[in-house]
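Visitor: Here's the letter readout for the chains.
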Amino acid sequence: QQQVKQSPQSLIVQKGGISIINCAYENTAFDYFPWYQQFPGKGPALLIAIRPDVSEKKEGRFTISFNKSAKQFSLHIMDSQPGDSATYFCAANPSSNTGKLIFGQGTTLQVKP
Amino acid sequence: ETGVTQSPTHLIKTRGQQVTLRCSSQSGHNTVSWYQQALGQGPQFIFQYYREEENGRGNFPPRFSGLQFPNYSSELNVNALELDDSALYLCASGRGTYNSPLHFGNGTRLTVT
Chain A
1 QQQVKQSPQS
11 LIVQKGGISI
21 INCAYENTAF
31 DYFPWYQQFP
41 GKGPALLIAI
51 RPDVSEKKEG
61 RFTISFNKSA
71 KQFSLHIMDS
81 QPGDSATYFC
91 AANPSSNTGK
101 LIFGQGTTLQ
111 VKP
Chain B
1001 ETGVTQSPTH
1011 LIKTRGQQVT
1021 LRCSSQSGHN
1031 TVSWYQQALG
1041 QGPQFIFQYY
1051 REEENGRGNF
1061 PPRFSGLQFP
1071 NYSSELNVNA
1081 LELDDSALYL
1091 CASGRGTYNS
1101 PLHFGNGTRL
1111 TVT
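Taken in sequence, the protein lines are chains A and B.
When the letters of the first sequence are read in order and numbered with the numbering used here, they come out as residues 1 to 113.
When the letters of the second sequence are read in order and numbered with the numbering used here, they come out as residues 1001 to 1113.
Check before you lean on any hint, since a few could be wrong.
What the hints assert, rightly or not - Covered stretches of chain B (chain A as the covering partner; in silico rule of three or more C-beta atoms under 8 Å from a C-beta of chain A):
#1 1012 to 1022
#2 1075 to 1083
#3 1100 to 1110
Said to hold, decoys possible - Pairwise CB distance ranges (calculated):
#4 A:Glu59 - B:Arg1095: 15 to 23 Å
#5 B:Ala1038 - A:Pro82: 26 to 34 Å
#6 B:Thr1020 - A:Met78: 37 to 45 Å
To be clear, the hints were calculated from the coordinates, so they are not data collected in a lab.
Every residue, glycine too, gets a C-beta built ideally from N, C-alpha and C.
Whenever a hint applies, use it, and build me the whole structure from the sequences.
Guide: Written out as structure tokens, the structure reads:
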């Protein structure tokens, strides 16, 4: 009940294409869903986050789609660039505390030039 | 605005030893959370400190302990090190416990031999 399941484990996309990463959760008490980007040797950096009262949030080339009834959310990266090549993590909080996050297993994205 | 800084960046210890990792929170932040990230995995929540007290703990044994100081810097202490403790330890700070995104440092890579 405390898990966040992320797929795919790895993804290869051509430059200019759309990258899509999916996450699913079981605990309906989760109320905050961030996405983090991590480059090798660096800590995770917050990309975008959403709360379950909205179905979509867009910031630049990054969009979160949220389906509350299906308990799923996804990250779309439009016009993917080689600089987007990194590991992406979805996460959710098990309480109303945004400092306590349960992370997915991660997706390694490679954008080919 | 100074980000989250962690020290040391790398550390090698022997099984059974004790280790202390340090974190300086981002300016204006009053919560600190610690995470353990094994190779190829998502970060796992260890515990959070708020107002110098532990404010929630993940599934980690008592040999993992911490401190938060009045200047909001923090320490993670691990006693009786085991080989499985080898991981990247991430510190993250936030402004309050609700509706405040986590900002991560670049971590301390701990190797236990």
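Visitor: Count residues of the region 1075 to 1083 of chain B with a Cβ under 8 Å from any Cβ of chain A, then say if the count reaches three.
Guide: violated (count 0)
Visitor: Taking the CB of Thr1020 of chain B and the CB of Met78 of chain A, does the distance hold inside 37 to 45 Å?
Guide: For Thr1020 of chain B and Met78 of chain A the Cβ distance comes to about 44 Å; the hint holds.
Visitor: Does the beta carbon distance between Glu59 of chain A and Arg1095 of chain B stay inside 15 to 23 Å, or does it fall outside?
Guide: 20 Å, holds
Visitor: Lying within 26 to 34 Å: is that true of the beta-carbon distance Ala1038 of chain B to Pro82 of chain A?
Guide: 27 Å, holds
Visitor: Against chain A, does the region 1012 to 1022 of chain B show at least 3 residues with beta-carbon separation below 8 Å?
Guide: Per the Cβ count (0), the hint is violated.
Visitor: State whether the coverage of the region 1100 to 1110 of chain B by chain A holds or is violated, taking the criterion as 3 or more residues with Cβ-Cβ distances under 8 Å.
Guide: holds (count 8)
Hint compliance for this structure: hints 1, 2 are not met, and every other hint is.
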